[in-house]
Structures are given as C-alpha cells and as structure tokens.
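2 protein chains.
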Amino acid sequence: MIIDVKELFDQKEKYMNKEVKLQGWIRNHRKQKNFGFIDFSDGTSIKHVQLVYDDTLDIFEEIQKYHVGCAIEVSGIVILSPKEHQEFEIQISQIKLLGDCPIDYPIQPKRHSREFLREQAYLRPRVNLFQAVFRIRSVAAMAIHDYFQGNNYVYVHTPLLTTADCEGENQMFKVTTFDFNDIPLLDGKVDLSKDLFNRQSFITGTGQLHGEAFAMSFKKIYTFGPTFRTENSNTKTHANEFWMIEPEMAFMDLDDLMNTEEDMLKNIVSYVLERCPDEIDFLDQFVEKGLKKRLNHLIDSTFHRITHHEAIDILLKANQKWEFTPSYDEDIAKEHERYITEYFDGPVFIYNWPKDIKAWYMKENPDGKTVAAVDLEVPGSGELMGGSQREENFEKIIERAKQMNVDLNTVKWYLNLRKFGGCYHSGFGMGFERLVMYLTGIDNIRDVIPFPRTPGNCDF
Amino acid sequence: MIIDVKELFDQKEKYMNKEVKLQGWIRNHRKQKNFGFIDFSDGTSIKHVQLVYDDTLDIFEEIQKYHVGCAIEVSGIVILSPKEHQEFEIQISQIKLLGDCPIDYPIQPKRHSREFLREQAYLRPRVNLFQAVFRIRSVAAMAIHDYFQGNNYVYVHTPLLTTADCEGENQMFKVTTFDFNDIPLLDGKVDLSKDLFNRQSFITGTGQLHGEAFAMSFKKIYTFGPTFRTENSNTKTHANEFWMIEPEMAFMDLDDLMNTEEDMLKNIVSYVLERCPDEIDFLDQFVEKGLKKRLNHLIDSTFHRITHHEAIDILLKANQKWEFTPSYDEDIAKEHERYITEYFDGPVFIYNWPKDIKAWYMKENPDGKTVAAVDLEVPGSGELMGGSQREENFEKIIERAKQMNVDLNTVKWYLNLRKFGGCYHSGFGMGFERLVMYLTGIDNIRDVIPFPRTPGNCDF
Chain A
1 MIIDVKELFD
11 QKEKYMNKEV
21 KLQGWIRNHR
31 KQKNFGFIDF
41 SDGTSIKHVQ
51 LVYDDTLDIF
61 EEIQKYHVGC
71 AIEVSGIVIL
81 SPKEHQEFEI
91 QISQIKLLGD
101 CPIDYPIQPK
111 RHSREFLREQ
121 AYLRPRVNLF
131 QAVFRIRSVA
141 AMAIHDYFQG
151 NNYVYVHTPL
161 LTTADCEGEN
171 QMFKVTTFDF
181 NDIPLLDGKV
191 DLSKDLFNRQ
201 SFITGTGQLH
211 GEAFAMSFKK
221 IYTFGPTFRT
231 ENSNTKTHAN
241 EFWMIEPEMA
251 FMDLDDLMNT
261 EEDMLKNIVS
271 YVLERCPDEI
281 DFLDQFVEKG
291 LKKRLNHLID
301 STFHRITHHE
311 AIDILLKANQ
321 KWEFTPSYDE
331 DIAKEHERYI
341 TEYFDGPVFI
351 YNWPKDIKAW
361 YMKENPDGKT
371 VAAVDLEVPG
381 SGELMGGSQR
391 EENFEKIIER
401 AKQMNVDLNT
411 VKWYLNLRKF
421 GGCYHSGFGM
431 GFERLVMYLT
441 GIDNIRDVIP
451 FPRTPGNCDF
Chain B
1 MIIDVKELFD
11 QKEKYMNKEV
21 KLQGWIRNHR
31 KQKNFGFIDF
41 SDGTSIKHVQ
51 LVYDDTLDIF
61 EEIQKYHVGC
71 AIEVSGIVIL
81 SPKEHQEFEI
91 QISQIKLLGD
101 CPIDYPIQPK
111 RHSREFLREQ
121 AYLRPRVNLF
131 QAVFRIRSVA
141 AMAIHDYFQG
151 NNYVYVHTPL
161 LTTADCEGEN
171 QMFKVTTFDF
181 NDIPLLDGKV
191 DLSKDLFNRQ
201 SFITGTGQLH
211 GEAFAMSFKK
221 IYTFGPTFRT
231 ENSNTKTHAN
241 EFWMIEPEMA
251 FMDLDDLMNT
261 EEDMLKNIVS
271 YVLERCPDEI
281 DFLDQFVEKG
291 LKKRLNHLID
301 STFHRITHHE
311 AIDILLKANQ
321 KWEFTPSYDE
331 DIAKEHERYI
341 TEYFDGPVFI
351 YNWPKDIKAW
361 YMKENPDGKT
371 VAAVDLEVPG
381 SGELMGGSQR
391 EENFEKIIER
401 AKQMNVDLNT
411 VKWYLNLRKF
421 GGCYHSGFGM
431 GFERLVMYLT
441 GIDNIRDVIP
451 FPRTPGNCDF
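Residue numbers (my numbering), protein chains in the order written: chain A, 1 to 460; chain B, 1 to 460.
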C-alpha cells in the first residue's frame with residue numbers, strides 16, 4: 001500500500017517503526033562512501049522526507065547512481081531521526097527507479113533565481129518556493145468557493161466569448177476562426193458575417209454584466225474564472241491572462257458591500273492560515289519576514305472606511321513630497337495608496353469616488369458628483385478589490401452609458417435588467433492573483449501564475 | 001432584519017408566528033375583490049412563499065397594482081397555511097415596491113418553451129426550471145472542488161492562451177490584438193511577430209499538457225476551467241464554449257484511474273443529492289421521471305469494466321440492426337454506447353482502445369495495437385469521461401507525436417517531462433456540461449449553460 005508523504009506527516013505516530021512504501025522524486029542526494037541520504041518529496045507536502053541507506057543493501061551501488069530529479073518507488077522502515085530538527089527518517093529496504101533524470105537537469109538542489117525559474121515554467125513547481133505558492137493558490141481558490149457556497153451564493157460560469165464591447169474594444173483580444181492570410185472580404189472590408197458568430201467577437205475582460213442578470217434571479221451569485229486584457233505593459237502587477245472573482249448581490253447597498261468584502265477576505269485568510277501552516281512558515285522565512293504576523297493581524301483588524309474626499313484631505317495634510325499631487329477630482333496613485341494604508345496601519349475602504357473617473361454603470365450619489373464606488377486598499381498590495389452599487393434606474397443608466405459612448409445595442413439586455421423588476425444591488429471584483437500575492441508575499445505576478453502570459457511571453 | 005427565503009424554510013419553527021422581512025420578486029399575483037395572493041421568490045430557494053393580504057390594509061389598492069416581475073420588500077407574520085400542501089404563508093403587514101415591471105414582461109406565470117427561454121437568456125434563470133438547473137450546476141462545481149481538495153489534489157489554473165498547437169489548429173479559436181482591416185504584412189503574409197505574443201496564438205481546448213507538468217510536481221492535480229472548440233455543428237451536445245475538469249495523477253495506472261473516476265462520480269452525485277433535494281424533486285417531476293432513482297442507483301452500482309474488444313464482441317452478438325456496424329478497429333457510435341449501458345444496466349468503463357483512433361500521448365499496450373485509454377459510458381448520457389495512462393517513455397512519445405504530425409517544437413517542454421524524472425501517470429477529462437445534463441436530465445447543452453455559445457449565437 002503506497003501512501004502520500006502528507007499522510008506520513010499527518011499520522012506519523014501510526015507509521016513509526018512500520019514499513020511504508022512511497023513514490024516520488026529525489027530532490028537531493030548526498031553520497032558517502034558507505035552510506036547515503038536522499039532528500040525525497042512526492043509533492044503532496046512541502047515537507048521532504050529523508051531516506052537513508054548504507055552498503056549493507058544489495059543495491060547500494062545501484063542507488064548511488066540515482067541522480068537528482070529521478071522518480072523512485074521506495075520501501076523502508078520509519079524511524080526516529082537521530083537529528084533533533086527532523087522528526088523521522090526512513091531506512092530504505094527496497095528502492096526502484098521509475099524514471100531517470102540526466103545530470104543536466106535544470107533544477108538542481110541550490111538556490112535558483114526566480115528569473116531563471118520563469119524560463120523553466122514547466123519544472124519550477126517542483127521547487128519549494130513554488131510548491132508553497134501554488135499549493136496556497138489552490139487552497140485560496142477553495143477558500144473562495146467555501147465562503148460563497150457556505151453563504152448560499154450561486155457560482156455562475158459567465159461566458160468568455162462575447163460580442164458586447166463593454167470594456168472598450170482596445171482592451172480585449174479579438175477571437176476568430178479565420179485564416180489570417182485568407183480573410184473573407186466584402187466591399188474591401190473584412191466580412192465578419194462569415195465568422196463563427198457572424199460578427200466581431202472578443203474574449204471578455206469581465207463577467208459582471210452577466211453576473212448581474214443572475215443576481216436578479218438568485219439574489220447572491222459569484223463568478224470565478226479567467227479574464228483577459230491586451231495591455232502591452234511589462235510591470236510586476238500586469239498579466240494578459242488572470243483570474244477574477246466577481247460577486248454580485250441583489251438588495252445590497254454600499255455598506256452591505258463593504259461588510260461582505262471584509263467578511264470574505266477575513267474568511268479566506270483564516271482558511272489558508274489553517275490549511276497551509278507549513279507553506280506560510282516557509283514564505284515567512286524566505287520571502288517576506290513577518291508575513292504570518294501580517295495575515296493574522298488582518299483577521300483581527302477593523303477595516304477603516306473613508307470617503308475619497310477624506311482620503312485626499314489626509315494626503316494633502318501629509319508632510320510628504322508627492323510625485324503626483326493628490327486631487328479631489330482624480331484617482332489616487334500607488335504612493336497615495338501606500339500612505340493611506342500605513343496611516344491607518346491596516347486595510348482601508350475608500351468610497352464615494354468622483355464619477356468622471358469611474359465606470360458608467362455605477363450608482364450616482366445624491367451629490368451629483370460622486371458615485372457609490374469603493375476600493376479596498378490593503379497594506380503592501382494596494383488595491384485588492386473594487387466594487388460599487390450599480391445604477392438601478394433605467395433612464396439614468398442609459399444617460400450615463402450614452403455619456404460614456406457605450407454602444408447601447410450590445411448591452412441592451414443588460415440595461416433591460418433595470419426595466420424588469422430591477423432593484424438596488426452591488427458587486428465587486430477581486431483579482432485572484434492580487435490575492436495570492438497578498439497571501440504569499442510574492443511581489444511579481446509572474447510568480448503566482450502557473451504559466452504566465454505577458455507581452456511576448458506565451459512559450460509554454 | 002431581512003432574511004433569505006431559504007433560511008425561512010430551513011428554520012420555519014423558529015419564525016412561525018413571528019414577523020419577518022423579505023426582499024425578492026413577484027412571480028405570480030392573483031387578485032380578488034377583497035384580498036390577494038402573491039407568489040414570492042428571492043432566488044435563494046427554488047421554493048416560493050405565498051404572501052396573503054386583504055382590504056383591511058391601508059395600501060390594499062396600491063398592492064393590487066403590483067405586476068408579475070416587480071421587486072418588493074415585504075414584512076409580515078409567518079402563519080400556518082390553511083391549505084395542507086403549503087407549509088406556511090405570510091400575512092403582509094407592510095410592502096414596498098423596489099422595482100417596477102411592465103406588463104409586457106416576457107416571463108409570465110405560465111409554461112414557456114425552452115426555445116423561447118433561450119431567446120431570453122438573461123431572464124430565464126428566474127423560472128423554476130433554470131433555478132433548479134443553475135443551482136445544481138453551482139453545487140456540482142463545488143462537489144468537484146470538495147472531492148479533489150478533500151483528497152489533497154492541487155487545483156491548477158492552466159493557461160487558456162497558448163501557442164501550442166496540440167489540438168489541431170482547425171479546432172481552436174485564433175486570438176489577436178490586430179485590427180482585421182489593418183493587419184500588418186511581411187512579404188505579403190500576415191506578420192504575426194507584430195502581435196502581442198509575437199506569434200500565432202490560440203485559445204486552448206485542453207489544459208492536459210500543463211496539468212501533466214504540475215502532476216509531475218504535486219503528484220495529484222486537477223484543472224477546472226473553460227474550454228473552446230470552433231466546431232461548426234448544431235447538435236444538442238455541442239457548444240463552442242464549455243467547462244472541463246482535467247485531473248492528472250502521477251504514479252497512477254489505468255486501473256487506478258478507473259477507481260478514481262468511479263469514486264469521484266459517486267461522490268459528486270451524493271453531494272448534489274444531499275444538497276439539492278428540492279431541485280432534484282422538481283426535475284424528477286417535470287423533466288425526467290425517475291431521475292432521482294437513476295442517480296441513487298448510480299451510487300449503489302458497481303461500474304463494469306470491459307475492453308473495447310469485449311464491447312465489440314457484445315455488440316456483434318446482439319440481435320440488433322445497427323446503423324454503424326461495430327468494428328474492432330473503430331470507435332463506437334452513440335447507438336452502441338446506449339446498447340452497452342443498457343446491457344449492463346449501469347455505468348461501464350470501456351478500456352484498451354485501438355491506438356489509431358486515439359491521441360498520440362496515450363500509452364501503448366504491450367500488444368502493440370491498443371492504448372491504455374478508457375471511456376466511461378453512463379446510461380442516458382453516453383460518454384461522460386475519457387482518459388488514459390500517458391506515454392511516459394521519451395523515445396516512444398516522440399515517435400508517436402511524429403506519426404501523428406504533431407509540431408514537436410510547440411510541445412518540446414511537454415515531451416521533456418519524460419526526460420526529467422518522468423513516471424507512469426494517468427489523467428482524464430470530464431465535460432462539465434455533460435455532467436450537469438446527467439445530473440438534471442436536461443437533454444440540450446444550451447439549457448445547462450448560463451449564456452451558451454453555439455455557431456451564430458453570441459447575443460448576450
């Protein structure tokens with residue numbers, strides 16, 4: 001009976017002094033004249049198992065030929081380790097090579113730079129750093145489902161292929177079945193009616209519009225799926241493909257929205273801390289000192305709530321030289337976000353934003369100048385979520401859409417949601433990679449995505 | 001304090017004879033001279049609440065103006081219903097119109113055809129049928145995450161944008177940032193180096209290759225995300241955008257794979273039966289008589305396991321006139337699938353398929369003629385999952401890839417997985433919509449996808 005390394009750690013008392021059989025990979029191999037140590041991992045736990053052997057074994061010489069990276073099946077007795085910091089080790093009785101690995105294997109038991117590892121994207125999940133990051137990514141995804149399903153939200157798979165130009169055509173990838181060297185023309189222009197959907201189609205950058213339709217049916221829904229932007233920018237926080245969570249709730253105003261965002265984030269952080277203690281410890285030690293403390297602090301803290309106007313007040317009063325001068329009519333810059341979260345020493349909701357810098361579907365406040373929008377700023381990562389109460393008035397939203405040059409034809413059904421039993425409702429979006437960066441302390445989005453897509457990079 | 005209708009049903013003893021406040025929509029409104037009944041739903045439960053009122057209320061005449069489809073906020077006392085089949089009703093004390101709805105609202109309290117409802121895709125989740133279907137879709141998605149995370153699998157978000165032509169270019173959507181009317185040329189041909197990824201890119205039809213890379217790191221992984229095919233076919237089972245689950249496991253052979261598929265499916269069905277009893281009852285009554293019995297039968301049944309050769313034996317011996325003659329060298333047709341599942345009266349694994357009709361990455365059996373592939377056939381729905389042991393031998397997989405005209409350059413990293421500690425491993429794919437159809441009895445894929453994409457249809 002083959003067991004997982006995770007099970008061995010979880011139930012080590014049960015297996016102590018018993019024979020176990022494991023399958024996995026050699027991460028390191030230290031060979032001495034009469035004995036040897038194998039650092040062994042099967043990927044089910046970030047913790048490795050030490051395998052020990054000596055020359056009393058028939059296959060001693062054979063084992064000594066096994067390189068780093070080999071896949072093996074091993075049987076042996078679990079024994080207390082003589083070294084204090086190791087809990088146990090396994091004395092090999094049998095070992096079998098399942099898959100060889102040449103000595104030019106790129107992943108050697110030493111510290112590789114993250115840049116180098118990005119070039120080995122298909123191998124990098126084997127190193128501890130990415131064992132931690134991608135395990136946490138997986139558990140955080142589950143935390144999100146657990147939170148929303150536990151609160152009776154419906155998970156909606158909104159479509160990625162769309163003909164609605166709601167994000168602005170320039171930000172969306174176009175999709176086609178045409179052969180680029182043989183595009184059908186009509187009067188000298190491309191004849192889109194010959195394409196699969198008979199018109200120009202895109203991969204979407206949001207599921208919000210479709211999400212609202214479902215919120216008007218199920219009251220509380222969420223989406224969780226991939227999203228795309230064509231942005232040709234090479235920064236640490238931009239990728240062309242990423243995952244988004246977009247909850248949408250009927251009968252919820254801006255206050256309710258902030259309550260939901262706060263409750264959700266605390267639940268996700270608790271869930272991950274509870275299920276990934278070893279991964280968090282590893283990242284705390286090697287990536288961001290104080291990570292664990294920061295995450296625990298979040299759970300206990302109250303999220304501050306200030307208006308955009310109040311935020312600008314604080315920034316203007318600050319004894320600080322700004323690259324961008326804070327303004328009551330404008331967005332706030334990264335340096336401002338940082339100052340505000342440091343000022344409050346914790347997460348801050350900034351709400352009631354100037355309407356001209358926000359989206360057309362957001363609800364206008366009675367002041368006529370601001371909209372009921374809210375961004376959540378968190379220490380270290382800046383904006384983690386952005387949301388708003390949606391305009392539920394049919395005439396008003398049409399007026400706003402026209403002002404912002406939205407093609408009304410492509411969103412007619414969306415506007416009609418206001419006509420047929422529309423009600424006050426709110427929603428927000430959270431970039432999943434931002435969350436994973438926040439949970440791991442990793443500062444480059446390329447290192448929290450299994451196979452990142454950025455301009456010029458689509459190699460794997 | 002506003003509560004969900006679901007909470008009211010779950011804890012009706014607690015709320016009996018108390019005042020509650022609800023927010024939701026009018027699904028039907030029967031008006032009498034001195035009183036009225038409102039059929040009320042907030043989407044948190046497929047069950048509706050009956051609201052009653054009479055002319056002793058100040059706002060009696062106002063209420064009588066409320067149409068079907070209106071959003072309302074209502075307060076009232078929960079009382080035992082005089083009619084036996086209703087558990088309780090609410091005697092309205094206060095009511096407020098939150099969102100009006102004109103009388104030309106397309107969704108009226110009568111039976112609409114599914115074809116009509118497809119044309120109202122943004123409104124159809126409000127009707128009982130789609131309340132049941134999309135709630136089950138959501139819970140089934142959770143069941144999948146619950147199963148895999150509970151068994152310590154890592155959820156991997158494999159990329160959708162890809163340059164690897166592993167599915168055959170003709171089956172994949174091309175993706176571009178070009179303006180179709182102004183495509184950059186080089187020597188008269190499209191200059192793909194000017195596109196965002198500097199080459200031809202696609203939206204993928206599978207996450208398997210990337211999944212294998214992660215299985216070689218974490219032992220057990222799964223993907224769950226959207227998938228695309230350009231197929232220009234209008235059938236009840238094809239859509240151009242759908243969701244797939246693709247688990248991939250290191251150190252797992254074909255038998256282990258079948259065990260995993262069986263265990264997973266039984267767990268999903270149990271999970272849904274337990275959490276959606278009302279939805280299943282509704283579908284049992286209005287969509288497929290015997291649905292509940294069929295699903296319960298699955299949990300208790302043993303999945304049969306036969307080779308493709310044995311399946312053909314059975315088909316050839318059958319006293320039956322076939323449209324397609326069964327053949328040892330060929331795939332089996334829908335009529336054959338049906339016969340086989342009826343013959344065994346339950347789910348059947350068919351394994352060891354002729355290698356020429358299966359994919360290049362599947363492991364060849366010692367007979368040199370078949371591959372270690374397996375399809376799971378279920379009564380009523382046909383093929384629900386398809387999987388295989390993967391070829392782990394570096395030389396052999398390259399030979400097969402060449403035979404099948406795969407462009408080795410685009411999958412070089414994938415092939416290298418066999419070189420660097422490759423081991424025997426297996427995986428399968430399950431179309432999520434097939435599963436939802438199986439769970440609901442719905443026979444058209446368009447009715448289990450929130451906003452389906454089929455040729456010519458990308459309207460919402």
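Think of the hints as simulated: they come from the structure by calculation, not from any bench.
As the structure is a prediction and not an experimental result, all values here were calculated from the model.
Glycine included, every Cβ here is placed at the ideal spot set by N, Cα and C.
Worth double-checking, as some hints may not be accurate.
[Claimed, not checked] Coverage of chain B stretches by chain A, computed from C-beta distances (three or more under 8 Å per stretch; other residues unrestricted):
1. 209 to 218
2. 239 to 247
[Stated by the list, open to error] Sample of chain B residues lacking proximity to chain A, with all beta carbon distances greater than 10 Å (derived):
3. Lys14
4. Arg137
5. Val139
6. Gly380
Hint check:
no.	hint	verdict
1	209 to 218	holds (count 6)
2	239 to 247	holds (count 3)
3	Lys14	holds, 17 Å
4	Arg137	violated, 7 Å
5	Val139	violated, 8 Å
6	Gly380	holds, 23 Å
Going down the numbered hints, you'll see the structure goes against 4 and 5, while the others check out.
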